[in-house]
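**Student:** The residues making up each chain are set out below.
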Amino acid sequence: MKIGIVCPYSWDVPGGVQFHIRDLAEHLIRLGHEVSVLAPADDETPLPPYVVSAGRAVPVPYNGSVARLNFGFLSAARVRRWLHDGTFDVIHIHEPASPSLGLLACWAAQGPIVATFHTSNPRSRAMIAAYPILQPALEKISARIAVSEYARRTLVEHLGGDAVVIPNGVDVGFFADAEPRPEWQGETMGFIGRIDEPRKGLPVLMKALPQIFAERPNARLLVAGRGDEEEAVASLPAELRPRVEFLGMVSDEDKARLLRSVDLYVAPNTGGESFGIILVEAMSAGAPVLASDLDAFAQVLDQGGAGDLFNNEDADSLAKSAIRLLSDPERREGLRDRGGAHVRRFDWSTVGADILAVYETVTDGAASVAEDERVGLRARFGLAQRG
Amino acid sequence: MTTLIWIAAALFAIGLYLSWTAGRLDRLHARIDAARAALDAQLLRRASVAQELATSGVLDPAASIVLYEAAHAARQAEEEQREVAESELSQALRAIFGEAAQVEAVREAPGGDEAATELAAAVRRVPMARRFHNDAVRAARALRRHRTVRWFRLAGHAPFPLAFEMDDEPPVALADRATA
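Residue numbers (my numbering), protein chains in the order written: chain A, 1 to 387; chain B, 1 to 180.
Hints are supplied without guarantee of correctness; some may be wrong.
[As the list claims (entries may be wrong)] Okay, derived cross-link-like pairs now, SDA-like style, lysine to any residue, Cα gap no bigger than 25 Å in a straight line: (1) K2/A with A121/B; (2) K2/A with A173/B; (3) K2/A with A30/B; (4) K2/A with Q76/B.
[To be verified] Some, not all, of what chain B presents toward chain A, calculated at C-beta under 8 Å: (5) R36; (6) A37; (7) R125.
Bear in mind the hints are in silico, worked out from the structure with no lab data behind them.
None of the values given here were measured: they were computed from a predicted structure.
Beta carbons: idealized from backbone N, C-alpha and C, even for Gly.
With the rest of the complex left out, here is chain A (with noise of 0.2 Å):
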């Protein structure tokens, strides 16, 4: 099969929405299909031969924070000219509501699409103004895949219709197969995101220490990511801080190996997380998880059954679960199994089955994905050789 897939988000700067994109081409290229993506990038950056570039996204004001974005005349060519020339049988646009290429590809293509939705914004005034603009690219999406119950819920409540859900992929071999390393061993606790990020949920963590060290006096905490570690461990007293390693940004290997080698993970995410690609990968490293008790993170987690959940932003919540699961190697035996279990669910073989199952659902009979001929309308009115 042709597939093309497009990212909204900029190649060039790590991210969730990009990582998923990476690993779901490259798993469909190991199958033996023929994909491309297109993605914004930096004209100097190296890209996998896959990647097509679509020119540099701007940084504009959007939704609140900054975001890096594709518009405007050349990109629009762009699109155009990658679906002409792929000739593709399907194409799976990701984030489509976003102002960037998903939309430009929506509105330039007609054809089998399929979209997936990732974030779970909640409604903006931006998009309630333009909703008349996008409703007429949006329709033309044959198939949508939401990433969690939760996202697929706002989905509904938001643009209306109804979509599937599939979760994001994870190589849980990967994971499962990494060696833990031993200084990072014996009673520790991990936490992985940005530690300048309140949203992470970090200083909740912070505030919880205390109580767990005290209970626990051979506990230490493990925090990988980027930011100011001054501040990080500006509430704790002096005397703990020493208990606090922060590993900064690891890679690949070393955030499997983390994973394999802490007691327990740690997610005290305070909201924003429309899936939580993290406790997934913990759970494939064999690495038992207390999590927030978000929507998303209760739906990964079984509702509890696949890992602990405790009240969010409470403290106290998070300090006694913890101490509890410390204390009691059984209760982590029993949940490394099932969080075992679980992740299967959530490996690319299955999630790649699924979406390419999708894919055929919407290709079945269909043709295949073309520029939608705006010259086609002219012509109605007999205008095609002026226009």
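Assemble chain B onto chain A, guided by the hints.
**Tutor:** Only chain B this time, still in chain A's reference frame:
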């Protein structure tokens, strides 16, 4: 003279808008047709695999009869009874493949592994195809309720699109990806 030009321009703009909306509607109807064809194909596939399993002798006689009956009814159903017949097939499949042991027994029979995999794929794809179809129907209905479309009768004689409502809950033992 200028007034005339302005009127002409306005009429032209309105015409352009109407033509564009008609094009949108046309595309939506095409999408529904394609989605319906895909749904029909998936339903037929599911009924065929079920019927094959029912006549294969892998299942006990009682289960065979129930499954054969349901699969046969689903394949032969008239358009008006289709939703009910397909829902009954879903129920029969759930009753028979509710236990993981039954799925295992099928897989162990010669050629059974293939049949079980096909059935698992079919029960997974029916809800998918149905969601895509109903999503297209919803989009078309939203547009057809629009004033412009009603006043100018842009939908022509195309029948008002109807959603396909059925019970498509897959059997637990087949749908559980953890054991797949």
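**Student:** Take the hints in turn and mark each one as holding or not.
**Tutor:** Now for the hints, and whether the structure bears them out:
At roughly 22 Å between alpha-carbon atoms, K2/A and A121/B fall within 25 Å of each other, so this suggested pair holds. For the hint linking K2/A to A173/B, the alpha-carbon distance of about 33 Å lies beyond 25 Å, and the restraint is violated. Note on K2/A and A30/B: the hinted pairing holds, with a Cα-Cα distance of about 22 Å set against a maximum of 25 Å. Distance hint between K2/A and Q76/B is unfulfilled; the C-alpha atoms sit about 36 Å from each other, more than 25 Å.
Below 8 Å, beta-carbon pairs count as interface contacts, and R36/B has none with chain A, the closest being about 10 Å; its hint is therefore violated. Taking 8 Å as the C-beta contact cut-off toward chain A, the hint placing A37/B at the interface holds, the least distance being around 5 Å. Satisfaction of the interface hint for R125/B is found here, the shortest Cβ-Cβ separation to chain A being roughly 5 Å, below the 8 Å cut-off.
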